[in-house]
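Could you build the full structure based on these sequences and the hints that come with them?
Protein chains: 2
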Amino acid sequence: MMSRRTSIPLRIGKVTVGGGAPIAVQSMTKTDTRNTKTTINQIKELEECGCEIVRMAVPDKEAAEAIPTIKRQISLPLIADIHFDYRLALAALQAGIDGLRLNPGNMGDRKQIAQVVKAAKEREAPIRIGMNAGSLPATFKPQFPMAERMVDMAMEQVKFMESLDFNLIKVSVKAFDVLTTVQAYKMIADKTPYPLHLGITEAGLPRAGAIRSAIGIGILLYQGIGDTIRVSLSAHPCEEVFAAYEILKTLGLRQRGATLVSCPSCGRAEIDVVRLAQEVDKYLEKVAKPIKVAVMGCVVNGPGEAKDADVGIACGKGKGAIFKKGKVIGTVTEEKLLETLITEINSL
Amino acid sequence: MMSRRTSIPLRIGKVTVGGGAPIAVQSMTKTDTRNTKTTINQIKELEECGCEIVRMAVPDKEAAEAIPTIKRQISLPLIADIHFDYRLALAALQAGIDGLRLNPGNMGDRKQIAQVVKAAKEREAPIRIGMNAGSLPATFKPQFPMAERMVDMAMEQVKFMESLDFNLIKVSVKAFDVLTTVQAYKMIADKTPYPLHLGITEAGLPRAGAIRSAIGIGILLYQGIGDTIRVSLSAHPCEEVFAAYEILKTLGLRQRGATLVSCPSCGRAEIDVVRLAQEVDKYLEKVAKPIKVAVMGCVVNGPGEAKDADVGIACGKGKGAIFKKGKVIGTVTEEKLLETLITEINSL
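Those protein sequence lines, which keep their order, are chains A and B.
Residue numbers 3 to 350, in this note's numbering, belong to the letters of the first sequence in order.
Residue numbers 3 to 350, in this note's numbering, belong to the letters of the second sequence in order.
The reader is advised that the hints may include incorrect statements.
One copy or two, it doesn't matter: identical chains are merged, so the pair holds either way.
Computed cross-link-like contacts, PhoX-like style, restricted to lysine-lysine with a CA-CA straight-line distance of at most 25 angstroms [said to hold, decoys possible]:
no. : residue 1 : residue 2
1   : LYS291    : LYS16
2   : LYS251    : LYS326
3   : LYS309    : LYS143
4   : LYS161    : LYS120
5   : LYS188    : LYS251
6   : LYS143    : LYS327
7   : LYS294    : LYS329
8   : LYS113    : LYS338
9   : LYS338    : LYS120
10  : LYS321    : LYS63
11  : LYS46     : LYS73
12  : LYS319    : LYS39
13  : LYS16     : LYS284
14  : LYS73     : LYS123
15  : LYS319    : LYS63
16  : LYS123    : LYS193
17  : LYS16     : LYS46
Keep in mind that the hints were calculated from the coordinates and are not lab data.
See below:
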């Protein structure tokens with residue numbers, strides 16, 4: 003993996019983004035912002051599942067007015083997602099929001115932006131310049147490829163904010179198309195020193211959307227690009243947080259909870275590996291320690307992977323060898339495998 | 003994306019792998035190979051869900067003897083997965099297998115390999131030199147990092163087979179650790195001209211395993227490396243095939259079925275986007291055409307994404323605008339959205 007791109011750190015509430023800080027995991031509420039009760043509940047769920055920065059839509063005045071009530075009852079940094087109307091950005095800042103996301107595709111009036119920037123500067127609230135392919139005006143440089151158009155429009159706003167002596171800036175250039183997204187981020191990474199917020203927009207349902215997101219975000223992180231990530235999925239926001247951590251764990255960038263190594267099973271397996279893996283995985287959801295647990299179906303890779311894990315099973319015919327920290331500590335029958343493994347996980 | 007690495011093409015049954023051929027999707031049966039009925043059924047399921055090459059474990063003589071019966075009733079190319087015992091490789095070749103996977107980590111005796119290579123050459127059956135981190139002997143170059151150890155052991159076997167004037171070779175160097183896997187493939191890609199079979203081994207259950215696999219396989223494919231892929235998941239093998247195609251579709255390398263663009267929903271949405279996306283996705287499972295369908299919750303990115311899709315919905319308050327090939331063709335109430343969208347999908 004390449005070394006990480008250096009970016010200027012900024013603080014969103016209590017969380018540092020950029021400058022070598024751990025890559026922060028973001029998500030977004032999917033409740034009606036004006037319903038403060040359900041919104042607060044979802045933010046608390048998000049905190050519990052590991053979200054570190056939460057964003058919520060502020061589509062109208064009533065939503066902006068809900069901010070103080072919500073802020074009082076949560077501890078996660080809160081970002082207001084603003085489109086079209088700069089007055090909602092001003093209202094959110096006045097209501098004590100920790101950061102803003104503005105979309106240059108639908109908010110470009112310089113006088114209006116200048117007012118928002120002035121208010122954000124006074125409150126030291128960072129602004130994300132959040133480009134999306136889907137909201138880029140068709141009239142903006144239509145002769146260029148999408149990646150270049152997103153980068154150019156984002157950079158115009160970056161430069162305008164810099165001209166106002168504002169540098170609490172984050173940037174994103176998201177598209178549904180993964181190759182376009184990767185290209186856009188690679189381009190903008192060389193043009194600005196600000197932290198980059200990565201994501202694949204409108205990626206769809208978890209089954210396919212997590213794969214799309216993992217490829218796009220994964221390629222960029224592997225190249226050292228990215229300071230905070232949000233996986234966009236048509237699902238409960240904790241599913242986004244789960245996927246985000248899996249991406250970061252895979253690349254060795256963050257730790258969170260247990261990791262299950264399990265074989266796909268094949269004609270060689272003599273126990274039901276898939277079911278055992280599912281049962282172990284279900285138990286591991288409750289395990290906070292960053293341990294590695296292996297469930298392996300046979301002697302081909304079983305002993306090797308089980309040895310390499312903190313706890314592991316390498317199965318044979320109707321039984322399995324239990325490994326702990328690289329050593330076989332016993333052999334048990336199939337029906338005792340789950341229970342024995344759980345005991346060993348708990349004893350770690 | 004970088005240009006694809008050039009590799010020497012080979013044929014596995016009716017499928018060409020390497021040399022610029024479409025990246026082939028593989029999976030593996032998870033039935034008891036000796037039970038020819040369930041194995042044949044699973045291979046037929048695999049063919050139906052898009053698998054192009056199927057591998058099955060041949061762990062004993064009885065499994066090898068099942069090959070002719072299985073071969074007679076399937077049309078997918080069939081590869082025998084062999085470990086430990088070279089005689090099973092000979093038996094599989096004699097039984098008419100289309101290709102072999104041998105694991106140099108547990109089958110290294112040169113006299114034995116030479117016999118297998120001779121028989122494979124006579125039958126023009128390709129051999130995959132299939133390294134796995136989990137089955138690499140601890141005594142093999144323990145002072146080196148895992149990626150280098152896998153590459154070195156695989157290359158020893160490549161060179162030995164070349165010395166026997168055999169070049170129907172494919173190579174894989176899989177590990178659970180994604181960074182190790184990527185590093186190993188990048189190294190071996192420069193050392194051999196043979197097609198590479200990509201995978202992340204023992205990646206686990208689909209929810210996390212598809213993400214791990216997408217990152218590892220995705221990074222390599224993005225760099226132009228890889229000729230055939232197998233996603234290893236503790237699940238029904240068609241789940242592996244689904245994930246494989248999503249990876250390839252994301253990178254523009256293959257087309258298969260419809261693609262759903264759907265927004266994650268947020269406090270701005272005034273209809274139940276997630277439920278609608280789920281319903282549309284369920285319908286799209288039956289659609290074979292490589293179309294793009296967008297389900298978008300609001301006016302921010304909705305019209306842009308819906309215009310960009312073959313068919314799309316951009317929702318507002320209790321209703322949605324229907325887009326087709328870039329144009330609004332009508333507006334319908336929430337309860338008619340699914341039905342209208344399906345009608346338009348079918349009319350494409």
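Verification of the supplied hints:
{"no.": "1", "hint": "LYS291 / LYS16", "result": "within (24 angstroms within a copy, 48 angstroms between copies)"}
{"no.": "2", "hint": "LYS251 / LYS326", "result": "within (22 angstroms within a copy, 40 angstroms between copies)"}
{"no.": "3", "hint": "LYS309 / LYS143", "result": "between (57 angstroms within a copy, 18 angstroms between copies)"}
{"no.": "4", "hint": "LYS161 / LYS120", "result": "within (15 angstroms within a copy, 67 angstroms between copies)"}
{"no.": "5", "hint": "LYS188 / LYS251", "result": "both (22 angstroms within a copy, 21 angstroms between copies)"}
{"no.": "6", "hint": "LYS143 / LYS327", "result": "between (59 angstroms within a copy, 22 angstroms between copies)"}
{"no.": "7", "hint": "LYS294 / LYS329", "result": "within (14 angstroms within a copy, 51 angstroms between copies)"}
{"no.": "8", "hint": "LYS113 / LYS338", "result": "neither (70 angstroms within a copy, 42 angstroms between copies)"}
{"no.": "9", "hint": "LYS338 / LYS120", "result": "neither (65 angstroms within a copy, 46 angstroms between copies)"}
{"no.": "10", "hint": "LYS321 / LYS63", "result": "between (63 angstroms within a copy, 22 angstroms between copies)"}
{"no.": "11", "hint": "LYS46 / LYS73", "result": "within (11 angstroms within a copy, 56 angstroms between copies)"}
{"no.": "12", "hint": "LYS319 / LYS39", "result": "between (54 angstroms within a copy, 22 angstroms between copies)"}
{"no.": "13", "hint": "LYS16 / LYS284", "result": "neither (32 angstroms within a copy, 41 angstroms between copies)"}
{"no.": "14", "hint": "LYS73 / LYS123", "result": "within (20 angstroms within a copy, 71 angstroms between copies)"}
{"no.": "15", "hint": "LYS319 / LYS63", "result": "between (66 angstroms within a copy, 17 angstroms between copies)"}
{"no.": "16", "hint": "LYS123 / LYS193", "result": "within (23 angstroms within a copy, 55 angstroms between copies)"}
{"no.": "17", "hint": "LYS16 / LYS46", "result": "within (16 angstroms within a copy, 55 angstroms between copies)"}
Hint check: violations occur at hints 8, 9 and 13; the rest are consistent with the structure.
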